[in-house]
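Put chain B on the given structure of chain A with help from the hints.
2 protein chains.
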Amino acid sequence: MKSDVEISQEAKMAPITTITDQLGINYDDLEQYGKYKTKVNFTPSDAHQDGKLILVTSINPTAAGEGKTTVTIGLGDAFTELHKNVVLALREPSLGPVMGMKGGATGGGYAQVVPMEDINLHFTGDFDALTEAHNTLAALIDNHIQHGNQLNIDPRQIVWKRVLDVNDRELRQVVIGLGGRTSGVPRQDGFDITVASELMAILCLATSLQDLKHRISKILIGYTYDRKPVYVSDLHVEGALTLLLKDAIKPNLVQTLEHTPAFIHGGPFANIAHGCNSILATKAALTYGDYAITEAGFGSDLGAEKFMDIVTPRLNKTPDCVVVVATVRALKLNGGADKKTLNVENLDALKKGVINLKRHVDGMQQYGKPVIVAINKFASDSMEELTYLSNYVQNDLKVTGEIINSWAEGGKGAVDLAQKVIAACNNSDKFHELYDHENSSVLEKMTAIVTRIYGGSTVELSRKAKNELKRIEKMGYGNLPVCMAKTQYSFTDNAKELGAPENFTIHVSDLQLKLGAGFIVALTGKILTMPGLPSHPAALDMDIDENGRITGLF
Amino acid sequence: MKSDVEISQEAKMAPITTITDQLGINYDDLEQYGKYKTKVNFTPSDAHQDGKLILVTSINPTAAGEGKTTVTIGLGDAFTELHKNVVLALREPSLGPVMGMKGGATGGGYAQVVPMEDINLHFTGDFDALTEAHNTLAALIDNHIQHGNQLNIDPRQIVWKRVLDVNDRELRQVVIGLGGRTSGVPRQDGFDITVASELMAILCLATSLQDLKHRISKILIGYTYDRKPVYVSDLHVEGALTLLLKDAIKPNLVQTLEHTPAFIHGGPFANIAHGCNSILATKAALTYGDYAITEAGFGSDLGAEKFMDIVTPRLNKTPDCVVVVATVRALKLNGGADKKTLNVENLDALKKGVINLKRHVDGMQQYGKPVIVAINKFASDSMEELTYLSNYVQNDLKVTGEIINSWAEGGKGAVDLAQKVIAACNNSDKFHELYDHENSSVLEKMTAIVTRIYGGSTVELSRKAKNELKRIEKMGYGNLPVCMAKTQYSFTDNAKELGAPENFTIHVSDLQLKLGAGFIVALTGKILTMPGLPSHPAALDMDIDENGRITGLF
Chain A
831 MKSDVEISQE AKMAPITTIT DQLGINYDDL EQYGKYKTKV NFTPSDAHQD GKLILVTSIN
891 PTAAGEGKTT VTIGLGDAFT ELHKNVVLAL REPSLGPVMG MKGGATGGGY AQVVPMEDIN
951 LHFTGDFDAL TEAHNTLAAL IDNHIQHGNQ LNIDPRQIVW KRVLDVNDRE LRQVVIGLGG
1011 RTSGVPRQDG FDITVASELM AILCLATSLQ DLKHRISKIL IGYTYDRKPV YVSDLHVEGA
1071 LTLLLKDAIK PNLVQTLEHT PAFIHGGPFA NIAHGCNSIL ATKAALTYGD YAITEAGFGS
1131 DLGAEKFMDI VTPRLNKTPD CVVVVATVRA LKLNGGADKK TLNVENLDAL KKGVINLKRH
1191 VDGMQQYGKP VIVAINKFAS DSMEELTYLS NYVQNDLKVT GEIINSWAEG GKGAVDLAQK
1251 VIAACNNSDK FHELYDHENS SVLEKMTAIV TRIYGGSTVE LSRKAKNELK RIEKMGYGNL
1311 PVCMAKTQYS FTDNAKELGA PENFTIHVSD LQLKLGAGFI VALTGKILTM PGLPSHPAAL
1371 DMDIDENGRI TGLF
Chain B
831 MKSDVEISQE AKMAPITTIT DQLGINYDDL EQYGKYKTKV NFTPSDAHQD GKLILVTSIN
891 PTAAGEGKTT VTIGLGDAFT ELHKNVVLAL REPSLGPVMG MKGGATGGGY AQVVPMEDIN
951 LHFTGDFDAL TEAHNTLAAL IDNHIQHGNQ LNIDPRQIVW KRVLDVNDRE LRQVVIGLGG
1011 RTSGVPRQDG FDITVASELM AILCLATSLQ DLKHRISKIL IGYTYDRKPV YVSDLHVEGA
1071 LTLLLKDAIK PNLVQTLEHT PAFIHGGPFA NIAHGCNSIL ATKAALTYGD YAITEAGFGS
1131 DLGAEKFMDI VTPRLNKTPD CVVVVATVRA LKLNGGADKK TLNVENLDAL KKGVINLKRH
1191 VDGMQQYGKP VIVAINKFAS DSMEELTYLS NYVQNDLKVT GEIINSWAEG GKGAVDLAQK
1251 VIAACNNSDK FHELYDHENS SVLEKMTAIV TRIYGGSTVE LSRKAKNELK RIEKMGYGNL
1311 PVCMAKTQYS FTDNAKELGA PENFTIHVSD LQLKLGAGFI VALTGKILTM PGLPSHPAAL
1371 DMDIDENGRI TGLF
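Chains as they are written, first to last, in our numbering: chain A, 831 to 1384; chain B, 831 to 1384.
Simulated from the structure, these hints should not be mistaken for laboratory data. Fair warning: there could be bad hints in the mix.
Since copy identity is lost for identical chains, a pair holds within one copy or between any two.
When the alpha-carbon atoms are kept at most 30 Å apart in a straight line, the in silico DSBU-like pairs for lysine-lysine are as follows [what the hints assert, rightly or not]:
#, residue 1, residue 2
1, Lys832, Lys1076
2, Lys1300, Lys1076
3, Lys1170, Lys832
Computed from a prediction, not measured in an experiment: that's the story for all the values here.
Next comes chain A alone, as it looks inside the complex (with noise of 0.2 Å):
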């Protein structure tokens, strides 16, 4: 059996200006990066968006992950395959995470976009941009500190971390500025991985290089020894760190290994961050094409309700369709079934972890547009396992449902699939919002996704965020939506809490004020946002030949 980069390595990939030329794109608005991955100059304009916009979303996924991305490019090429004009808008893969675990971001087996060896890895450089920008401001901050701190910030309360894409525990909490007096002012510091830094989240929500930088502007640094906020404004550098940006806020475009064209943008996590690829990308991609296909990260918990709650008002664009995805192993493993034994027929645990593919789909119909549950077969699932899904969904559930097979078979295996969302898309409904978006507080905010997408029943706050809710509120920003950090195993904040645990409480640790994305992370339970290495990480089993065979990069 090929592994994921044979497949890719060997893939015949069309050149990308015979996708570009297929989309109507002009070749001045290319720069490309090599002959197979492209940036795109896209100006978006609300008029011309009018594709179908599909969202494809998962169950609480195991550690290896559910196969979205691969049903979410496997469904692209079966719309392919039907002869439909279809883009795809997803997440660029972030490094750290690369290698680190098993599992790369861009699909898998013959749903993959290509070439996965350059996008798992640097890409076009847009995370090494937003790294540098972040860390430059970061430097710009220290370095104002250190020539007289004319604007009196307080070095105890600067919120501006630092970032870097590598999972490295070793950085979360560190000293800085030790050394003496040329060598900066000593305090308490840390690092997140960068698609975790607002900038990546600024990036993935700007509709322009002009709304970028006025966003960058409004970025809350820290707060000074008065206890007065201190922007990014204030020091004037939003020119230089847009700047820095200039390449990275224009969409990339890639292919599928059928040929299906890939906008591939922006890559918040969906479990620290809002989760979602860029807007513009996905503007692109409904300008571009008859149907837009974009996913959230993790569950729907996460990634959906945050592409829902954050990102349609700024999108201008609400799903026509939902595809929730589902697997047997997640479901085996939400029923109690122990990780190490998914792949064993087990129907007992399957009937008990049912529960949590219902309440995703429950808080998605939430939003009133059509849902679909996409069955994503593995080699292990028995027959039994899943006729017994697939009997659940219709019967049980009442929403249309079909296995896929993309990992095997690509576009093949998701044909049946394409055809049911193409008639949801048909027929879709008004959309609902989770919460009245101008005159809700925040605890009113939490408590919606609370209570009706986790199925939990109350939001507890600790006296930290407490008190921080309350400067938010003094500051004028309680009208911001907020965005849940949270763990992607469970819909509690205890990642063990498996399957569809009810009258549960979620525990706000701190709240985060992110001007320049626009909104309010909650930090719930023991949420990291910077990753570390598993004890046989990746890396040591990955290697390049003098040809640039590449081997063990999945």
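Relative to the frame of chain A, chain B by itself:
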């Protein structure tokens, strides 16, 4: 008067494929980054690198630099004017200083490589890839310790720091791994600027992907509790790190304003590292051009010495001619003029300062190759000053000299110099090694550099350096060349000692074993491997408008 970035943004560039067609580079070997930048898949062959090699270096610079890159580019354009097939081989700019000080590394005025706004920012992502690979290794080391430390690595003896391409003094000395058992092991650490990374030196010295991997495997990362060395190969991650650099190793090709081809690849600083662009790029220039012009960082005491003693044995080629760039301004500074009055005529200071030029010329003549002085004209130079300097070069130094005015005139301003360089290349003599590479000791090598290039008298090692030297010799690495880390402002290790001091001692505070690069770094004086930002960083004046028009980037 137009700014550098205005000139660049208004330039009529040729499509990069026009340039590669002229050079006979196969289209299949290109990986374009937009329409005006490309990476070149280049496999070097010593048999084909038959171009003449010209090395451009300089006197001790002012803080603003002496326009060495401007001269190099102007000289290249003059060769083009003379219908010679010339290819430049330059270093990539580091982003850290771009945000700090005015003055880029892409030339200036009408002698620039373009698009300068891209080259000065992220270019093709090489430095980002180096940063990522460097920090991935750091994370893997700490992760190894976290997960049981099978190799018995002593956290107090790790010599692999972290890096960022940001001027960030706050990160020079840090404590990492705080936060308890799940967040690493607390220890002292520090960040260098990316150009100081051993990976940068390795990238610039590697001759193939295989050589790159082999060098990476040899990197010394620290010592065990019982003082045994630990290498990258012990961690088994040379494959993953090479994979991260698979594109960075490919030379980048751009053009000057006058369409002269220019490879720009790699860029270690010459004060804290070896200061020369990549061997692959220089080999490519020697292969595709009849003349290859390269430059080495800072004064001839730094970059050029390292080019001669570290690079040429690995390049299998020595320069046919050396061009020393001098300016009236810098010589006046070296003659005691106040740096604020360098625009004012001051023949007295100039007459005192020319001894700095003399020592650089003397040093370069040690290698037996023709030396030519290029007097880089500034608008503020008086006729009397320029005449005095020209006469001094001709009558006192008895070497060929020529005034060059490429900043204002491009290639036309350097045609006379170009003709003299061509003549010199045709009369090039045998290369003399500065020291016996096989048989001299580390101390003998340092002494040769200090006495014959710097004009000093002795080398003094600190107690720490002496201990390190003992360890290095005991480990069997006493035969490696030495890479001096020294201030660029003085022949001595004290930045304030200008001119041409006599009878001085160079103080070596520490030695660092760079086994992947294959040299020993000797830290002298108070050299910093992580710069800081000034009180008014250049970033504060940069901007980009909604049409992408850039201001404030030089």
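Worksheet entry | Non-conforming hints, listed in increasing numerical order | 2
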